[in-house]
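Visitor: Read off the chains here:
2 protein chains.
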Amino acid sequence: MGGRRAKKDRLRTFDAPGTGSPYIKRNVGKFSLLDEESLELIESNADRILAEVGMDFRDDPETLQIFRDAGCDVRGERVRFDPGFCRHIITQSAPRTFVQHARNPSKSVMIGGNNSLFCPSFGPPFVHDMDRGRRYATYEDFENLTRIHYMLNSIHHSGGVVCEPVDLPVHVRHLYMAKAHLTLTDKPFMGAVTAQDRAEDTVAMVKLAFGDQFVDENCCLYSVVNTNAPLVLDATMLHALKVYARANQAVVVSPFILGGAMSPVTVAATLAQVLAEVLAGLCLIQLIRPGAPAVFGTFFSPISLQSGATTFGTPEGMQFQMCARSLADRLGVPLHSVGALTASKVPDAQAAYESSTQLLGSFLAGTHFIIHATGCLESLLTTGYEKVVMDADRCAMLEAFAKNVDLSIEAQAWDAFLEVQPGEHFLESNHTRRNFETAFFQSAISDSRSFEQWEADGSTWQHQRANEMWKKLLAEYQPPSIGKDLLEAIDDFIKRKEQQINKLF
Amino acid sequence: MGGRRAKKDRLRTFDAPGTGSPYIKRNVGKFSLLDEESLELIESNADRILAEVGMDFRDDPETLQIFRDAGCDVRGERVRFDPGFCRHIITQSAPRTFVQHARNPSKSVMIGGNNSLFCPSFGPPFVHDMDRGRRYATYEDFENLTRIHYMLNSIHHSGGVVCEPVDLPVHVRHLYMAKAHLTLTDKPFMGAVTAQDRAEDTVAMVKLAFGDQFVDENCCLYSVVNTNAPLVLDATMLHALKVYARANQAVVVSPFILGGAMSPVTVAATLAQVLAEVLAGLCLIQLIRPGAPAVFGTFFSPISLQSGATTFGTPEGMQFQMCARSLADRLGVPLHSVGALTASKVPDAQAAYESSTQLLGSFLAGTHFIIHATGCLESLLTTGYEKVVMDADRCAMLEAFAKNVDLSIEAQAWDAFLEVQPGEHFLESNHTRRNFETAFFQSAISDSRSFEQWEADGSTWQHQRANEMWKKLLAEYQPPSIGKDLLEAIDDFIKRKEQQINKLF
Chain R
1 MGGRRAKKDR LRTFDAPGTG SPYIKRNVGK FSLLDEESLE LIESNADRIL
51 AEVGMDFRDD PETLQIFRDA GCDVRGERVR FDPGFCRHII TQSAPRTFVQ
101 HARNPSKSVM IGGNNSLFCP SFGPPFVHDM DRGRRYATYE DFENLTRIHY
151 MLNSIHHSGG VVCEPVDLPV HVRHLYMAKA HLTLTDKPFM GAVTAQDRAE
201 DTVAMVKLAF GDQFVDENCC LYSVVNTNAP LVLDATMLHA LKVYARANQA
251 VVVSPFILGG AMSPVTVAAT LAQVLAEVLA GLCLIQLIRP GAPAVFGTFF
301 SPISLQSGAT TFGTPEGMQF QMCARSLADR LGVPLHSVGA LTASKVPDAQ
351 AAYESSTQLL GSFLAGTHFI IHATGCLESL LTTGYEKVVM DADRCAMLEA
401 FAKNVDLSIE AQAWDAFLEV QPGEHFLESN HTRRNFETAF FQSAISDSRS
451 FEQWEADGST WQHQRANEMW KKLLAEYQPP SIGKDLLEAI DDFIKRKEQQ
501 INKLF
Chain E
506 MGGRRAKKDR LRTFDAPGTG SPYIKRNVGK FSLLDEESLE LIESNADRIL
556 AEVGMDFRDD PETLQIFRDA GCDVRGERVR FDPGFCRHII TQSAPRTFVQ
606 HARNPSKSVM IGGNNSLFCP SFGPPFVHDM DRGRRYATYE DFENLTRIHY
656 MLNSIHHSGG VVCEPVDLPV HVRHLYMAKA HLTLTDKPFM GAVTAQDRAE
706 DTVAMVKLAF GDQFVDENCC LYSVVNTNAP LVLDATMLHA LKVYARANQA
756 VVVSPFILGG AMSPVTVAAT LAQVLAEVLA GLCLIQLIRP GAPAVFGTFF
806 SPISLQSGAT TFGTPEGMQF QMCARSLADR LGVPLHSVGA LTASKVPDAQ
856 AAYESSTQLL GSFLAGTHFI IHATGCLESL LTTGYEKVVM DADRCAMLEA
906 FAKNVDLSIE AQAWDAFLEV QPGEHFLESN HTRRNFETAF FQSAISDSRS
956 FEQWEADGST WQHQRANEMW KKLLAEYQPP SIGKDLLEAI DDFIKRKEQQ
1006 INKLF
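Chains as they are written, first to last, in this note's numbering: chain R, 1 to 505; chain E, 506 to 1010.
Listed below are the simulated SDA-like cross-link pairs for lysine to any residue, each with C-alpha atoms no more than 25 Å apart in a straight line: (1) K908/E to R938/E; (2) K30/R to R531/E; (3) K403/R to S537/E; (4) K908/E to D35/R; (5) K30/R to K535/E; (6) K908/E to L34/R; (7) K25/R to S537/E; (8) K403/R to L546/E; (9) K535/E to N404/R; (10) K530/E to D35/R; (11) K908/E to Q306/R; (12) K535/E to L34/R; (13) K535/E to A400/R; (14) K535/E to L41/R.
Hints listed in this document are in silico derivations from the structure and should not be mistaken for laboratory results.
Only a predicted model underlies this, so the values are computations on that prediction, with no experimental measurement involved.
All chains, full assembly: derive it from the sequences and hints.
Guide: This is the structure in structure tokens:
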């Protein structure tokens, strides 16, 4: 049916989803599962784990000394905490909410409180698209995904390792990733955590953009430190944590849990363990720099105990997330958790069922910072180009949902009821004429037309339309404005660092 | 990779999803959006619509007389109700919860209270599968879909018009549909509403199975009466409503709303209109037979005001459903609403994103009776065989979610924390050994294995596995036991009715 022409027409309808507001001010509540007594039980189990089992802080004498100085029981690398100690330290100084500043001030985000935001997937070594299939990610992919996320109005954060640019030498990747986040987009982004000097480099690069004093007084980076569950923080993560905490930048302590392997096979026990690890990690942040933004992070995937595979879109995942928000609230810190995760290898129905279960569960739980909101395939080993725009459409849907029901006089539409008699229709009523342009959410990527229209237009499946959409976004991409001085400063910094690093290796 | 063999092995893993419990006893709450004051505003607008605009009851003088006798303002076919009148009549006698009896007593369902249940799609004239594509449905499809839903443990109800058997003459379809629900399954089912005599036939057939007195005293049929929104009930629907109400069988009054056409373009106004229509309909039921089960039904799809297309998986849909549950609660009747609806024509990611948004929204809203929980494609014009089993898997997930977090001593897993040291894993702990068989939900149809395993097994997309699954269920189907006398009585009844009907036409 008129191939080229029809295709062209359809392309034009793919407007980027979302309103472009910098983050979501929720006008809806959250779905809670446990009463206060049950939450106290989880908390008391976490306290017992920290007191009786303790947590290992490996290969980092300085951290052990910090805990020793704070009066904790340190034997070897094992630290045990008196019940209530970590909570006391955290609640004294950790902020309930904080702003992460974006290079473009109108895109700065408020993290915590009654707000939520969406952020791309983090860490996949592979990318997938319908043209080229699955392949190792490159820096070109990194740049393209950063550009696409800049264009997606429903995505509030530029993320961190949106894919692993495996064509760059490991020791310089962090420099180029930070450069992409500082130049190709103007949304807030994440810092490197894979080595102390890489964290330091990221802070230095952010200071080029924001100025030294501003960075020392404000959060301009948000970085995720994973525990090695169960109950271990290793030197790499501790070094990154200390760099960012000392620089007054936000640190998320996020136990990475494959349930059944890295935690017991139940939600209740996993919650207690996760809370224990988070308490110890956030306590360390507050001991290092009281008041530095510190976030309760979670990543939980039950494994199949038959195959060992990670699973997503599970009832346990939803339960876990809803309880985690309650525990974070009681601790007085924001919750960072996962979005549209799936184990599917392709942008199929499994990917969509699992991803929307995870994403809705997380959003209705009231998660403040929703990481992995877009792109995940293959249990985070892959980011899918089509999947990015498909998920972003659902993020836009949730943003509209969070406005809640408009109860204004105009929305009550009394004049429409007086104008339209029983059995008539409202399509041409004055009220509809006044409101039709803004009424009702429109998906950027669903095809809701009749079977006949859909068939005439090529009988596309959603992943085919998504393929057109990301290409259109990329084709239309225009970089945000950026000063020539800053661009040069970033390039100079990278050049100098590369020279230093090349000498070392 | 060993084609036939590998395929055979995989087939064996497709166990029907769900636990087989007759309905879901929710141990979780519901997601509410509006406070009491806002709900009162909606209610007061509904009252005002009923008092000032009124509702038309068309071509049915008896209904007008019933309202006249009750003291309502009847002018022509327009009935106006004093504010609070309908609510007063309903709350006097309509049950908050009731049991619909199944032919197999262990499958009877409790409707209302803290319970939910899933029911197939209703009404599609087309079916779709990946082998034959989209085509008009036949009675063979009707039987097959009834068999498949009988096999699906996560689906609690056999539904009604699971597809329209267009190869049967219109005037006898209801007889064969009831026969399929009475013989191929033993789950509860729905009555015909397309004509008075068809409703009467369905009641008569149910009496063959349950006995006259039992049916008069108990709910054995559950039937959905749609208003012709805005604010009309027509003779066909009124006749069916009266037959079932007089027979003490459950009637759902469900305004069928394409938002923007059959209601104003806002959620707030649509809620008021829907409540008005439901109030009038349920009031009529209680005036006819006080105490007959009467259910608050809703079907709401915002239309695209650009194309006129119905849309699903929308923020307005979720908002609407969550508010409807609150309104039903305050009226003291169960809520019947929609599940996995989509406008997609195929079992793709759009179908899954939209369906899971609708299904999760409805379930977390606390909807008691979730119709269209399985199979919907093409805005209910089509039921997809693959879609049925894909949706049923999500229903099983929600059933597991609704158990809430197990906080038992065993689930707290204290012995695991004492056994497994920091940095070790829990896979071989005694606690895991004791619990691994029942721990964690397993999807019947997701492929969560490694990319390499998935690739070696044919790189299937979910709809391909779903294709295998429904065929396996159908191949393994064994009918439930049924007495020879009942079978004969049903066949005799149909034979006699067919003769009568053939004389008429």
